[in-house]
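For chain H, the structure is supplied; the task is to place chain D on it using the hints.
Residues per chain, in single letters:
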Amino acid sequence: MSVKVLMLGWEYPPHIAGGLGIACHGLSESLHEEGVQITFVVPHLNGEEDASRIKLMSASDVNVTLASPKEEKYSSTHSGPGAKQTFETVAVESTLLPYDFAHLTEPMTSFQHWNNEILTSEKHSGTVSAPYKFKGGYGKELLEEVGRYSFVVEEIARNSNFDIIHAHDWMTYLAGLRASRATGKPLIIHVHATEFDRAGEGGSQAVYDIERMAVEQADHIVAVSNWTADILVSKYNADRSKIHVVHNGVFPNKADASRDSNPIGDKIVTFLGRVTFQKGPEYFVDAARKVLKEFPDSHFVMAGSGDALPQMIHRVARAGMSSNFHFTGFLKKKDIDRLLSFTNVYVMPSVSEPFGITPLEAIQAGVPVIISKQSGVSEVIPHALKVDFWDTDALARAVCSLLKHKSLASTMQKNAKESIKSISWNSAAKKIKRLYYETIHAES
Amino acid sequence: MKQSTQSPKKERQVILYFQVHQPRRLRKLGFLDVGNNGGYFDDHLNSQIIERVSDNCYIPVNEKLRKLAEKYPGLKFCFSLSGVAIDQLEKYKPKALRSFMNLANTGAVEFLSETYYHSLSSLTPNDEFIIQVNAHRKLMQHHFNVVPEVFRNTELIYSNSIGSKVKGLGFKGMLCDGIGRTLEGRSPYQLFRHPSQENFNILLRSNSLSDDIAFRFEQDQKFSVSEFAQWIYNIPGDDSIVTLGMDYETFGEHHKASTGIITFLEKLIEKLHTDNVVTLTDPSTAFKSRVAKEKLDIHDFVSWADESKDISAWLGNDIQCDAFKTLQSLEDSIMKTHNSEIIETWRNLQTSDHFYYMSTKVAQDGNVHSYFSHYGSPYEAFINYMNTLTDLAVRAKNPVPAVLASREEVNAGFEHSAAQV
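Chains as they are written, first to last, in the numbering used here: chain H, 1 to 444; chain D, 445 to 865.
To be clear, the hints were calculated from the coordinates, so they are not data collected in a lab.
Glycine residues also receive a C-beta, built at the ideal position from the N, C-alpha and C atoms.
It is possible that part of the hints are untrue.
[Claimed, not checked] Not everything, but these chain H residues come out facing chain D in the computed CB check (under 8 Å): (1) 234; (2) 317; (3) 318; (4) 329; (5) 424.
[Stated by the list, open to error] Beta-carbon label-pair distances, calculated as ranges: (6) D:738 - H:263: 51 to 57 Å; (7) D:741 - H:263: 45 to 51 Å; (8) H:139 - D:489: 28 to 34 Å; (9) H:139 - D:741: 54 to 60 Å.
[To be verified] In silico DSS-like pairs for lysine-lysine, Cα to Cα no more than 25 Å straight-line: (10) H:293 - D:769; (11) H:4 - H:430; (12) H:430 - H:334; (13) H:333 - D:472; (14) H:332 - D:769.
Isolated chain D (complex conformation):
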């Protein structure tokens, strides 16, 4: 990727970060289907969703951003694409994947690294996390010819220990949500550093400004582009960094184009750029342009999800924890099969969304969970997931020898899928 050569002319910086992710949703698998060796994923539903979201969001918004980048050289955006999303785009909507490439060709995009399967593997002590990060690196190199230098973990899950793991993988820093209880009264609009790792930056997402767009855009207090820009300008400090991070699908899918959200984004970018009060930049440039002074010390896991901003969206109740524990317990028997198809399936079952569907939270959080879920209830999600795991466990006990992967494939952590794409 082409790196910015000039240092920013202004001190105040704004980073726009878009998350692109689509899980491979499971098809209905009843207990009596266990052992029938049917497919696990609802290809029809998944292709429909990819198709729809591509038409509503990815393709039109990419095109808008591409035009803006061409019109205003120096403009920067930050994207993170999960491996499972990229695979599905390639399979169901290659045109959308090409439109991401076209956008990347402007040089205006910094891509972030993440786990290939958008998984919760950072919460486990084994090598799975490293394997999935490396697999994602290969995938990004393959499609976009970039090696990401900054990391974002699934749903911005973070803690000191995750920061150390990520630093150990050679990244310069990572994203985290700006959460009041972790800031101890300090401003979130600055770079932070890890309490023990040298040269490891932590960039905080502004959750209030980001959620204004992502969750409150259509509510009563609709705001204009100028008002929103002014909120940013009003933030004190000549060297502030404001990170606006949200699901890319916010633009055109969660809020349809008819609400004016895509135009809002377009006008906001244009205004922020031309007002000349702030610079729209990317994380790497921000890391280069300043030194993180404050330490951010986070012992318990945090994330950008739900009111509580912790990991309770995925591991907040007994069924979620038991499902996750069962998934983990299969690791040895899955690996022993050396069957690339079984291993990849097991990894696809690690995608955080499967656990998100099992949340039994109510009220505001519950509404968001059920908006994203294709199940009638968290219990249905749990039962279906467990039946799928049971079937996979049976297959792992009696793998079909015909599709045995070579030892290198398994050990290299995803040669197989990277080579496929």
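In isolation and in its complexed conformation, chain H is listed as follows:
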């Protein structure tokens, strides 16, 4: 019998903000190959997603049905989907929020418990309303949507038949917890990033609280690297024995990426990713200044957008190197491919990178890479230059070495490309599938 998984994610290609959507897609496709049946719930679908193998569900299409206050109480923990009672249909409307996360830490003994909360603020109980249309993405209503999503997912869980819940990143953890409580099915959370990676010590307390609660209550935790597993233990007090490290994979390039040239020159060094402090853009800028002293004809490209972009632009201008330092803003996939096709050195100076798929894509495109030691991906690629993110002297030396010694660049390029062939979603999926079976087996 194949495993049925209720998988929860916040984005799915082609409309993605970062590596999360790619990872969800890669993993789901490969799990499907392994015979796992997946129902993947995202807040919002717009029809361009590839749903040929994975059953994709949009939370925006689901009416949330709630038990009437007069219905008898029952415990959600062991009720299962079969325990459905007479439900009234009600749309989750904005009156529900601002969402109070505090009560989630209390044990949820009955459906009634939180149902009352809705009914006190929901004037339309007993009427059938349109489902809530999620915006998706990561806008200012994110927390609100995360709350709504958890209710919708619980409803879906009650009406579906599955063996295990697999939730990707904090946006879906609440939903996973609710679904697990409502159905008694085990929950695996998959940590692609933590609030600590995204924001250092200055992150959102609400997000951190959700993550901490999920880390504590989930049956198992998948971490994308040992780097992340260590953070979960040190910052989230996670039980190390619950954590399973499963490195991300990378999609093999369909066509062999052809190298191109750019009229601005053949010493092009690229940073590619969100321009936020955790990605270390300022170390890239500072290293650029040092490299330009050695190679005045080198050019630096910062590709991507983010809240640190204005500061980076000022930093570059203050150093007077705008003529050799270029900004692209957010790039689409085909533009990323073009950029990589004429990039000579790829740099990922992340302060804390749970994994980091882009260096793998750079390697596939035939670009030698320099990555920070504070990244998960450094655990899987031996043929890269690795530096501490703060050591801009070392970073500049690494860039200069690659620009200067063509033999070094080409050797790294060749070996790295060969070695990453083993980093596949397929091997990630095999590990996850084994975890599914172990978890279900332990439950029964």
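Okay, now just chain D, sitting in the frame of chain H:
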């Protein structure tokens, strides 16, 4: 141009100076577009704006002024038109350019000289400034058959050294903003002279009265024509000169006709003329009618822009300075191409507006900057500008030989564009 032959019958003078300028705005050029040899300028946007501003302001206001000039002989106005504005009028709205010619035919207009590209070239030590002033002279001769004798620099940027440069080009004087910190308690309503250059007049714009019209017309304290005229009459001194200088687009574009601003201008001119307290005149006549006694000594650059009235509107932050420095650094390689199209493009990129869009000032100044900008943010403006410069630098390295300009064209500083128009 027909010069006024009679000396003014009254001592108190008012000069109305209108600035006409439209930059050639850049189209969006991403870093990955560099090397694709696409055009740099947003022809669609530029034509739209020229069309709109012509209909809202240039054509109707020119017509009003023309009628006033015919009704009241002796009335004078002062205009400065940038070369890039004239080129775009000719290209996108010839009717508007003709309406300026019709106004000029009344003999009531004194045209000022400026840099063809409305550039910041006066801030640099090289010949670019002289080349662009000469190019503008040729353009004015071509279209209006005048040789301007008085100079106004981009956004009234001024300093002693710029004054000396301008004097060296044969001008009788130039305009400057009347800024408190440079006046040392003296009245701005008089002619000043350069501290070291003989016979070089400096005419100060009254920034408070001018800004009342340009920036405060629609605000709460709306004033009547009579009130405004009275403010002018109340200025002490029988030989005062009051210069009201503003963007011409103030009338009908920045403030739409529905606010009554065009009528205000019309009535004000009529009132000032018929009250017989002051004479509406032009800078050359003012220079002839009196002798500048006071020296105006200005070491640091001043201008009419922003609260600070310095050059920080264009070179006030790191990105502006770096962009300007990069633009300058291309000069040698651009000139070496002898490619007139590349050289002219480089000069169009010198237009001050490109730097104005990169200002990161906030509050009142910031609002004015973003009103004029077609970019979402100063950073977008910077990135787009730098990508354009990068592309131009690439083209300068590998110029297309087919459009090589002759050596004379390049050396004569704009034979090419002058001949085009």
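* Does the nearest C-beta of chain D fall within a distance shorter than 8 Å of the C-beta of residue 329 of chain H? -> holds, 7 Å
* Asked: Honestly, do residue 139 of chain H and residue 741 of chain D meet the 54 to 60 Å range at C-beta?
  -> Because 56 Å falls inside the window, the suggested range holds.
* Asked: Should the hint that residue 234 of chain H touches chain D count as held when the rule is a Cβ pair under 8 Å?
  -> Since chain D brings no Cβ nearer than about 37 Å to residue 234 of chain H, farther than 8 Å, the hint is violated.
* Are the Cα atoms of residue 332 of chain H and residue 769 of chain D separated by 25 Å or less? -> violated, 31 Å
* To do: Hold the hint about residue 424 of chain H up to the distance rule: shortest CB distance to chain D must be less than 8 Å.
  => Interface hint status for residue 424 of chain H: violated (30 Å vs cutoff 8 Å).
* Straight-line Cα separation of residue 333 of chain H and residue 472 of chain D no greater than 25 Å? -> Since the Cα atoms of residue 333 of chain H and residue 472 of chain D sit roughly 20 Å apart, the hinted pair holds (cutoff 25 Å).
* Asked: When you take the CB atoms of residue 139 of chain H and residue 489 of chain D, is the distance between them in 28 to 34 Å?
  -> holds, 29 Å
* residue 738 of chain D paired with residue 263 of chain H, Cβ distance criterion 51 to 57 Å -> holds, 56 Å
* Asked: How about residue 318 of chain H: closest beta carbon in chain D under 8 Å, or not?
  -> Status holds, d = 4 Å.
* Interface hint status, residue 317 of chain H versus chain D (Cβ within 8 Å) -> Hint holds; residue 317 of chain H Cβ to chain D Cβ min 4 Å, cut 8 Å.
* **Straight-line alpha-carbon gap residue 4 of chain H to residue 430 of chain H, limit 25 Å** => With a Cα-Cα distance of about 15 Å, the restraint between residue 4 of chain H and residue 430 of chain H holds, given a limit of 25 Å.
* To do: Would you mind confirming whether the straight-line C-alpha gap from residue 430 of chain H to residue 334 of chain H stays at or under 25 Å?
  => Violated, at roughly 30 Å.
In summary, the structure is inconsistent with hints 1, 5, 12 and 14 from the numbered list given earlier, while agreeing with the others.
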